[in-house]
Structures are given as structure tokens and as C-alpha cells.
Amino acid sequence: MKYVLLLMGDHQDAECGDQSGPDPAEFMKFDQEITEAGVVVGGFALEGPETAVRVSADSESEELLVTSGPFAETGDFVGGSYVIEVADIDEAIAWAKRSPGARFGHIEIRPVAEY
Amino acid sequence: MTTGPGEHTAAVAAVLSRLGAEDRSRLLAVLAHRFHDLDLAEDVLSDAMVAAMERWPEAGTPDNPAAWLLTVAKNRALDIVRGDAVRARRLATLRIEDELVAGEARDHSEELVESFGSARIPDERLNLFFTCSHPTLKTSEQVALILRCLGGLSTAEVAAGFLVDTTTMQQRLVRAKKRIRVTGIPFRRPADDELPERLPPVLRVLYLIYTQGYVATAGPAHVRPELTTEAIRLTRVLAHLLPAETEVRGLLALFLLTEARQATRSDAEGLPVPLSRQERSRWDSSLIVEGLSLVTRAAGEPGSGGYTIQAAIAALHAEAASFADTDWKQIRVLYAMLHRLEPTPMVALAEAVAISRSEGPRAGLRALEEVGLEGRRPFHIARSIMLREVGDEAAGAAEAERARRCPGNDAESAFIDL
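As given, the protein sequences belong to chains S and L, one line each in that order.
Residue numbering for the first sequence is 134 to 248, as defined by this note's numbering.
Residue numbering for the second sequence is 22 to 439, as defined by this note's numbering.
Hints in this document: simulated from the structure, not taken from any laboratory.
Just so you know, not all the hints are guaranteed correct.
Unchecked claim - Computed list of lysine to aspartate or glutamate pairs in DMTMM-like fashion (alpha-carbon distance at most 25 Å, straight line):
no., chain 1, residue 1, chain 2, residue 2
1, S, Lys135, L, Asp60
2, L, Lys159, S, Asp209
3, L, Lys199, S, Glu224
4, L, Lys159, S, Glu241
5, S, Lys230, L, Asp214
6, L, Lys199, L, Glu322
7, L, Lys199, S, Glu169
8, S, Lys230, S, Glu180
9, S, Lys230, S, Asp209
10, S, Lys162, S, Glu241
11, L, Lys159, S, Glu247
12, L, Lys350, L, Glu322
13, S, Lys135, S, Glu224
14, S, Lys135, L, Glu215
15, S, Lys230, L, Glu215
16, S, Lys135, L, Asp105
17, L, Lys159, S, Asp221
18, L, Lys159, S, Asp223
19, L, Lys199, S, Glu241
20, L, Lys199, S, Glu180
21, S, Lys230, L, Glu322
22, L, Lys350, L, Glu340
23, L, Lys159, S, Glu224
Stated by the list, open to error - If you want a taste of the chain S side facing chain L, the calculated C-beta under 8 Å gives, among others:
no., residue
24, Met134
25, Ala220
26, Pro244
27, Glu247
Where a beta carbon is used, it is the ideal one built from N, C-alpha and C, also for glycine.
Take the sequences, apply the hints, and build the full model.
Shown next, in the form of C-alpha cells:
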């Protein structure tokens, strides 16, 4: 089955590379591990949430608005993701547990919809 | 002598009902494991039951009804899978694509069923136990799934046991089965190194089923025997499937020793009778003997934990000739052990009661001060009893009044009024 591991951060938390934040080397090490295991079928890493641009309709005028981040009111943001193909949710959970993303922020696992 | 079609149908119905919970859950487990789809397994098993009702009256009941049902159910499942691209893809990735090759498939599954033989249908129920109590399912879903898939209760009975209406329980089961399918919860026994993490949720579900039957949380009755019976039956199955796991046997011992007192726990009007006033000669001695033998063995093994300790406490009660003869000192020691293992307020409350019995009500009241369970009925009942024992009638009565205002079942409320 295919799952997406969404590596989530919180606006309140220290940034990657900061003094108290996660060490980028840990993420690189995990990336190497999961890639070498041959389960990764896709994924991406994102620039920081402060670079986000939002397009949405104004609740009253329904006019489309373009605004710039960070959108701290949302709390969580997606920092990156892996699309993995593994046998079942247990294997997906095992990978998520090995990722430093589970300790700095959290990881949301979502099954990819099949049609 | 010839028999009419009506009698045949009745005979078929009798065979099907004799299949009972054991066989139904075993067939369901085999199908769920094979097709990795609990919904599909349930559907095709009921289809097979219907087919049996139609065909057996004319063709006669097969020598091995379970194997017949399994063959029919499997063929039906293969037909469904072939007509469903998403399911077929999923199954193909599960390495049983050979069964999907039309033509060969039927022969192949016939052969499998034959090799199962009458008593040789493989027991895949252990997989189903772990699937149904997977940590990604909500507790209420785990309980419903275990009772419905491994237990012998109908959806309506499960609903009644947990005081929700049948529609709500149906929806809960549908959601739970969808979650299993969509999130890809596996139908497999966890590896040995996963067991320490995966077994406790299974035991907790069984414990919840038993306690829901043992002390109804609301409603008119104090006990629901169908739930306690089912919890014991399921725990026996699990103990049989996992003979090396000490805590499973500890849990079974706890249930048996508790169940042994069942007949004396409420009076003719259904009001609860406290341990001190229970008629010990009416305790079920065969359950006690079995429970004692299980707990004696479990307590000496390295894997014993909270359930075995609770069983050991129940064993001390079972062995005492009277309430006064109870070894409260030993019980207190066991509760202290349990408290270290499970630092919960309910265990602290039980420990305080044991302290009160072994060292007197004043020591008990002091221990109660550490227990943060204000607003919970058992806490106020215990406090009320201890206050009356130290001679403070007024405070005891006020405490009983507090207990009465806490949520609980009607029979308990009447008990506090006594």
C-alpha cells in the first residue's frame, strides 16, 4: 500500500538548524536510510512556512485573495513528505518512528486513496 | 422413513446454529486473513450460510459443514475480487495473484479446503485478535470488532451490552472495518519482539468487555452475564493460541476467580451484595480450582504483570474461609505492587481499602487522602464505610449521599440507600 508521511512542524517550534531545533544531519541520515530501503516512491521537502503564499476566497465578497505567510494561526505546517510503498500501516508506522520528524514536530501518516 | 422439506430445513438450521461462535469466527478469520478484507469475509460467509439453507435440504448436509461453507465462501470471494479492479490490485500485491487466474482458481481453493479436513481448518483467529485491537483503532471500535468478529454476539447484542442502539453500533462497526481496509491494518500475528507492545491492547479489550459485564456502568442491571461469559470464552481462546504468554493466563485466572463469586454478588432483587456478606459456600468451586491453578503457575513466571497480580488478589479472597479470615496484609502487598506497575487512582483506592482492612480504618482514611477520585462513586462508598467504622456516623452518611449523586447503575444506587 502507498502512504504519505507528512512531516509536520509547529510555528511555535524552533527552526531546523537553530540552536534548540532539529539537526539537519539527522534528517539527511534518515533520508539515506529510507531511500536505501527502496520503499520511497515520491516526496518533497518544502521551504519554510514563512515563504508560503495563500490563495483563497474572501468569506464575504468571494473575491480571490493572495496573501503571504507565515500563517501562524494554523499552528501546524507541512515541512516535507515521503510517499512510500510498504505492506501495511505497521511498516509505515515503523518508518515514521525512525524519522527525526516524529520527535521534532510530528508525522501524520495518510493512506493514498486508490481509485 | 421420509422427511418433509420443512424438517430438512429445520435440520439445516440446526446444523448451522451448531456451528456456533467458534466455527463462525474461525471461518471468518480464515477468510479475512486470505482476502485481507473483513467486510468481504463477513459478506461471503453470510452468502455461504444462505446457500447452505438453500442447498442442504435437497443435497443433504455435507460431512464437513465448515469446510463446505469455506469453499462456497471462498469461491464467492474470488468472484467478487475478479470483478473489482481495486480489490484485485490490492490482493495481487499480497502475493495471492495465482488464485486470481480464472479456471485454476477453483481447483486450487478446492484443494486447499480438502487439505483443511474437518478439524484442520487453520486457526487464524490470533491474527484477527490483533487486527481487531490494532492500536490505530479507537477502543470502542476494538471492543465492538472483537465481540462481533471473534465473539458470538450479534450486533444488537453488542449494542445492548454497551448501552447504545443497534444503528449506532452498526455504524461503529462499519467505520471500524473501513478504517482497517483503508489504512491497511494487517491481518497477521505480530512478530515476537512486537508482542510486548501489541498484546496489552488485546488484553485491555477483553478486560473492558468483562468489566462492562461485571459492573454495568449504567442502566437497570448490576451485571450482564453475556458479556462476562463472552470475555472468558475469548480469553480461553487467546490463552490457547498464545500458550507462552503469562499475562493471558493471568487475565483468564482473574476472570475465573471473579466469575466464581458471580452468583453471590447480587441478591434476589438484583441488589449488589458486598464481599463481606457474600455466601462463600455458593462460590463456584470448579472455577476457583481452575483459577487458582492458573494463577499459581502464572505468578511464578517472568512475564507476569498487572493482571496476574489482580488474579493473585482474587485468589486470596477465594481461598479465605470468611471475610475476617482474609489475608489483608498479603492483599495490601499485592496492591502496592500493582500500584507501582499501574499508578492509577483506582488502584490507589483499592490499596487504601486494603490498608484500612489490614491496619484499621484510620490508616485507610489517611491513605484515601492521597487518592484523587472525588466525584467517583467507589471512592465515596469506601470513605463512607471507613468513616462509619471509626464511629463518625454523620460524616459517613454525608459521604454516602455524595456517592449516591455520582453516576452509576440503578442497582448500586439502591445499595447505597440501604
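Check the hint pairing Lys199/L with Glu241/S against an upper bound of 25 Å on the C-alpha distance. Distance of about 19 Å is within 25 Å: holds.
Against the 25 Å threshold, does the CA-CA distance of Lys159/L and Glu241/S hold or violate the hint? At roughly 17 Å apart (the allowed maximum being 25 Å), Glu241/S and Lys159/L satisfy the hint.
For the pair supplied as a hint, Lys230/S and Asp209/S, confirm whether the alpha-carbon distance does not exceed 25 Å. holds, 19 Å
Given the hint that Lys199/L pairs with Glu169/S, test it: the Cα-Cα distance must not exceed 25 Å. violated, 32 Å
With the threshold set at 25 Å, check whether the alpha-carbon distance from Lys230/S to Glu215/L stays at or below it. Given that 25 Å is the threshold and the Cα spacing comes to 14 Å, the pair holds.
Does the alpha-carbon distance linking Lys159/L and Asp221/S stay inside the 25 Å limit? Holds, because 18 Å separates the two Cα atoms, which is no more than 25 Å.
Is the straight-line distance between the alpha-carbon of Lys230/S and that of Glu180/S 25 Å or less? Status holds; Cα separation ~23 Å.
Does the alpha-carbon distance linking Lys135/S and Asp60/L stay inside the 25 Å limit? Holds: Lys135/S and Asp60/L sit about 21 Å apart, inside 25 Å.
Starting from Lys199/L, check that the Cα of Glu180/S is at most 25 Å away, please. Cα-Cα ~35 Å, so violated.
Given the hint that Lys159/L pairs with Glu224/S, test it: the Cα-Cα distance must not exceed 25 Å. holds, 19 Å
Please work out if Lys135/S and Glu224/S have their alpha carbons no farther apart than 25 Å. holds, 11 Å
Interface hint outcome for Pro244/S [beta carbon to chain L under 8 Å]: holds, 5 Å
Hint violations for this structure: numbers 6, 7, 20, 21, all remaining hints satisfied.
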